[in-house]
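K.L.:
Protein chains in written order, with the numbering used here: chain A, 3 to 561; chain B, 1267 to 1624.
Simulated from the structure, these hints should not be mistaken for lab results. Be a bit skeptical, because a hint or two may be false.
Capping the alpha-carbon separation at 30 Å, the derived lysine-lysine pairs in DSBU-like fashion look like this [what the hints assert, rightly or not]:
#1 A:Lys243 <-> B:Lys1428
#2 A:Lys348 <-> B:Lys1353
#3 A:Lys70 <-> B:Lys1428
#4 B:Lys1624 <-> A:Lys243
#5 B:Lys1353 <-> A:Lys243
#6 B:Lys1556 <-> A:Lys243
#7 B:Lys1556 <-> B:Lys1608
#8 B:Lys1434 <-> A:Lys243
#9 B:Lys1407 <-> B:Lys1426
#10 B:Lys1407 <-> B:Lys1502
#11 B:Lys1407 <-> A:Lys243
#12 A:Lys70 <-> B:Lys1353
Bear in mind that the values here come from a model prediction, so they are computed numbers and not experimental data.
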Amino acid sequence: MSLDSPNSYLKKTHCILGYKGQTGILSYLLTLDHKRIGVMYLISTMTAFLVAGLLALGVRTELLSPEKIMVTPQQYNRMFTLHGAIMIFLFIIPSVPAALGNIILPIMLGAKDVAFPRLNLLSYWLWIVGAVTALVAISQGGIDTGWTFYTPYSTSARPGVIAMAVGVFILGFSSIFTGLNFMVTMHKLRPPGMTWFRMPLFLWALYATALMQIIATPVLGITVVLLGVENIMGVGIFDPKLGGDPVLFQHFFWFYSHPAVYIMIVPGFGIISDVISIHARKHIFGYSFIAFSSVAIAILSFLVWGHHMFTSGQSTVVNVIFSALTFTISIPTAVKIYNWIATLYKGSIQFTTPMLYALAFIFLFTIGGLTGFPLATLATDVHLHDTYFVVAHFHYVMMGGLVIAMLAGLHHWWPKFTGRMYSETWGRVACALIFVGFNITFLTQFLMGAQGMPRRYYTYVPEYQIYHQTSTAGSYVLGLGFLVMLLYLVHSLFKGRPAPANPWGGATLEWRCSSPPRYDNFETTPTVGDPYDFSDLRYDPSIGGWISNDAPVAAGKAS
Amino acid sequence: MIHDPTQGAFARALRRTATPGRALAGLALGVLLLVLAGCGAKTGSLHLPPEDSSVAPRVDWIYYFVYWICLFYLGHITLVMLWFLWKYRRRPGVEPQASPSHNTPLEIAWSLPPCVLVVFFFVYGFQEYVDISTPPADAYKIQCIAKQWDFRFVYPNGGKSKELHVPKGEPVEVVLESEDVIHSFYIPRFRIKQDVVPGRFTEVWFTATTATKPGEHFWLFCAEYCGDSHSFMRSKVIVHENRADFDAWVKALAKPLSGEEVFQMYCASCHLKTEAALVGPGLKGVYGSKRKVLDAETGREIEITADEDYLRESILEPGKKLSRMGREFPNVMDPSFATKLKKSEVDAVIRYLRDELK
Ligand SMILES: [Cu+2]
């Protein structure tokens, strides 16, 4: 198949990544192609995001007034539980590694697929089975425990919780398999010439993530099994009525969930490093620092779980140790920000939609990171713990950080895997709406929390109403931003300009194959250079993309 | 169009800022920041509520210490970023300029200040925390029993109340226990919080430094999610001006509660004084009415008149007969009123239902 013109290639495809002789829904659902699996993940996780986002708007609407607006306290509690659980387990954890990672990782390596394509498909279907189990659990009687499932509340006669736990258990395996698959792929399928230190930083980040997924997720499985043993066999583990210890559950839970926080954010660091560098046409600053810090974070993330439990009654000594360890992990995380900013220095910065998201990420993630300090500081955490301050903090990290990074990556690679360009204008409008709406929603929550408003409250004393109303207003702007995004992305699939092979001028390997890539990605194994050296590329207005300096002017052949 | 960064933009920017209009804008920004920080901490600020315990001013000091440093970091990161974005924006014909892609001394240099600062955060935070978590030996002890969905306080003389009363200026230690799930004892104006964990005792202490005015109070919130009415789980905290006042109040508590007091303290979290339902049915007009109930023993529907015996049975052995056929309400009424309430208190609340909530 000729790659001469991306347009001619596109005409031969029927839908996103539709290959010759491979059409129809089954060929998609049973595909072994990493790109298609990635796209299925993308659609599934984005659906979860949509549902959880709508729930969040419901929660915010109810909070407009301390009186009932549309739901009862019980329904409200179910709503915020679902919002949290769906966001975390069905969206944030799989969104970047499983969706974007699957699509991009093998191409970035110049490989034809991941190391174990069948395992990859299995991961996806496990994800579906896990998600469906969780949904069944929910419909069997709402779950209102909060996504943290703290015992003994969660185990006191709530049958849905066990079913939900089974769902989470299955999702855990999906996550472990993806981690394993990626790790082996990066060890075994790197092309000749790509040493570890020539890997794009997104791959380093995925590697660190895989490490955490493999080590931490089994603990989640064990916790779920222990919950089951207690509930079914009546062995006292967490329930004080049976002689168990409810705080033990919190240890187990956070031993997984704290690394999970980094499973969520570290891939985001990788995306940001790549996006900033490419859209500023500048070599990433301090490559090895960024690469090592991802791994350092992966290791340290196992040593800080106790900071979620400063007020749980664990001993003072333990609290002091966890506080100290928490401060150590803040350093590699924080200093990266300087690296990204230094990358901009003397660059040639283009304000494309992915870049705007990446810049928004720097600002929002900085706030998210900095507001972690008063929470890691013991004396102030006593006041701030379990208030809206914490809610705002982790939304800045999870949403301002990971979700925004994911959007940066989505817009960055969208032309690559769909073969279509979206509207830049609408892309920027949506980004601005999301940025403004997000800040209105969550900056207010810092103040409200510091004033003492506890989280997970259906009603509140009137002093807090003005904060809640402001926050809710912001959330509507945020929602509007996402709506706009949904519209122009879908529009681009049908009406978008066909994408050139390299629309942004990236030097990593995925920009060397056509958009969208052919089934086996590359005709020949590409040669590997420095992923952040852009000197060999120049812009060709006739195809609207970047080509190698040695390429003849007329043909858009990029190899 | 080649730029020399030391010559051009920064100097020009300085010159530009020096106009009166900009100086004013700068001043306004500075004032705004001060307001944001809030100087009158005693009366509360944009960030923090008023300081009403002995630890609060010190906690707030640490908060602002961290806050200013964080604001400095956010500020310079954002400004440098915006500056670069403007200066190095893509323009036709302008190529990116070469600069080193790493610089170890620089990278070490910018990592060091944060390393030092977090040591300060850590040390201040943990010193104060050790104070917050170590009650003085001579503290006045009050017992707190948390359950879904209220706090109950027991004073040394056996008196019980739903509101927390404490004297001003004296250390008070509250010993916490939970009857069901985890709750958390949180008084924002005192800057203290402690989880209440079933199966163990935890304690929290504070010295209130402001007396509440008559009719006013501070809030005690449950801060650990505990189920349906979690957000209704809050109590008033009343600080008496002096010990004599407080002692007189505690003394009066030891008397058996009146019917209305029993209702307020033990029933109002689930029952309203009207006909409207909350967790359980509204109790207005129950007495003397004819009602269909589900007899839990036989599983059959029977019709009864809600006389004193029925009310007594409903209170002391809830679940034996379920109102409205057990369909509308979960059978969650506390089964331990037989031990919690004195006999005279049960009589009093029944009289209250009969006479006052007709
Ligand atoms: Cu509670």
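K.L.:
All hints, please: hold or fail.
P.N.:
How the hints compare with the structure:
1. Pair hint Lys243 (chain A) plus Lys1428 (chain B) holds up; C-alpha atoms about 26 Å apart against a cutoff of 30 Å.
2. Our distance criterion of 30 Å between C-alpha atoms is met by Lys348 (chain A) and Lys1353 (chain B), whose separation comes to about 8 Å.
3. The straight-line distance between the Cα atoms of Lys70 (chain A) and Lys1428 (chain B) is roughly 25 Å, inside the 30 Å bound, and the hint therefore holds.
4. In summary, the hint linking Lys1624 (chain B) to Lys243 (chain A) is not supported, as the alpha carbons are separated by about 40 Å, beyond the 30 Å threshold.
5. Between the alpha carbons of Lys1353 (chain B) and Lys243 (chain A) the distance comes to roughly 65 Å, so the proposed pair goes past 30 Å and is violated.
6. A hinted pair counts as satisfied when its Cα atoms are at most 30 Å apart, and Lys1556 (chain B) with Lys243 (chain A) does not qualify at roughly 39 Å.
7. Only pairs whose Cα atoms come within 30 Å are accepted, and Lys1556 (chain B) paired with Lys1608 (chain B) is accepted, the gap being roughly 28 Å.
8. For the given pair, Lys1434 (chain B) sits about 38 Å from Lys243 (chain A) by alpha-carbon distance, which is inconsistent with the 30 Å threshold.
9. Distance restraint check for Lys1407 (chain B) and Lys1426 (chain B): the Cα-Cα separation of roughly 13 Å lies within the 30 Å cut-off, and the hinted pair is therefore satisfied.
10. Only pairs whose Cα atoms come within 30 Å are accepted, and Lys1407 (chain B) paired with Lys1502 (chain B) is accepted, the gap being roughly 18 Å.
11. Between Lys1407 (chain B) and Lys243 (chain A), the direct Cα distance comes to roughly 26 Å. Compliance with the 30 Å bound is thereby established for this hinted pair.
12. A C-alpha spacing of about 52 Å is found between Lys70 (chain A) and Lys1353 (chain B), which places the hinted pair above 30 Å, so the restraint is violated.
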